[in-house]
Amino acid sequence: MAKELVLRRVNVDRYVTPLREGGSMPAIIEGDDGFLYVLKFRGAGQGTKALIAELIGGEIARKLGFNVPELVFADLDEAFGRTEPDEEIQDLLKFSTGLNLGLHYLSGSITYDPGVSKIDETLASKIVWLDALLMNMDRTAKNPNMLVWNKDIWLIDHGAALYFHHSWDDYQKSSLSPFPLIKDHILLAQATNINEVSLELSEILDSNFIEEVVQLIPDDWLNGNHFDSTGEFKKAYAFFLNNRIKNAHIFVKSANDAREKLI
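1 is the number of the first residue of the sequence shown in UniProt numbering; add one for each residue after it.
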């Protein structure tokens, strides 16, 4: 029997230091399990939608065999930020009371540099395929969102993926988007085997797994008047992902076309 997909839950014990990168202001925190995490806050600019994209993107990447830091649900007590002297951080903590998302902190890791670390063509193709599936606009030369840790490549920060859910306008049509932004992907030039890896990766992401992933989304992260219930939200996420996987040839062709123009 397959292992049930679950995330551990920790309490935030200590705010260690902010990571002032981009607009979301993640931070390194210590959980009550003694481990350090990079915490993504529900009270940051993109709200819980960024956490949902991080959760879905990270667990799909893990299922496909990529190295991804462990994701945990992290509870933040309402009293936590009262002694924080920085008013901006204090406000962020106040608005993030409740369930947030943490990624295990990879101490000593360094940002991937294509001039230093080489990625083979098959791995590059798989990463490009993943990001085209997720509509992840944030794996570029400017911001690769890949780390080198213990000589391996680790994928991080999928919060900018699934951007269709910021409006939910015609999400059925969005599931068939060719994703033209793949042209800016840092690994596109090396991705010579996208057609071949597409067949392999599509088979791994069956509908049962997709259902498990969307069921991980906490109900109170789902808000807005787009659907009548949290169940309808989750059905919409599952439809988007399953339909996109089923029609992977659309975004695969887009990636191949962009690569031909690039080289």
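By construction, these hints were calculated from the structure, which means they are not laboratory data. Please note that a few of the clues may not be correct.
Cβ pair distances, simulated, as ranges [stated by the list, open to error]:
| hint | residue 1 | residue 2 | range |
| --- | --- | --- | --- |
| 1 | P178 | N225 | 24 to 34 Å |
| 2 | D184 | F209 | 45 to 55 Å |
| 3 | T230 | F95 | 29 to 39 Å |
| 4 | S177 | S229 | 34 to 44 Å |
| 5 | E70 | S177 | 24 to 34 Å |
| 6 | S117 | W168 | 36 to 46 Å |
| 7 | A79 | S117 | 39 to 49 Å |
| 8 | E203 | K94 | 21 to 31 Å |
Using N, Cα and C, we set each Cβ at its ideal position, and we do this for glycine too.
Do the hints match the structure? See the list:
no. : hint                    : verdict
1   : P178 - N225: 24 to 34 Å : 29 Å, holds
2   : D184 - F209: 45 to 55 Å : 29 Å, violated
3   : T230 - F95: 29 to 39 Å  : 21 Å, violated
4   : S177 - S229: 34 to 44 Å : 26 Å, violated
5   : E70 - S177: 24 to 34 Å  : 30 Å, holds
6   : S117 - W168: 36 to 46 Å : 38 Å, holds
7   : A79 - S117: 39 to 49 Å  : 43 Å, holds
8   : E203 - K94: 21 to 31 Å  : 45 Å, violated
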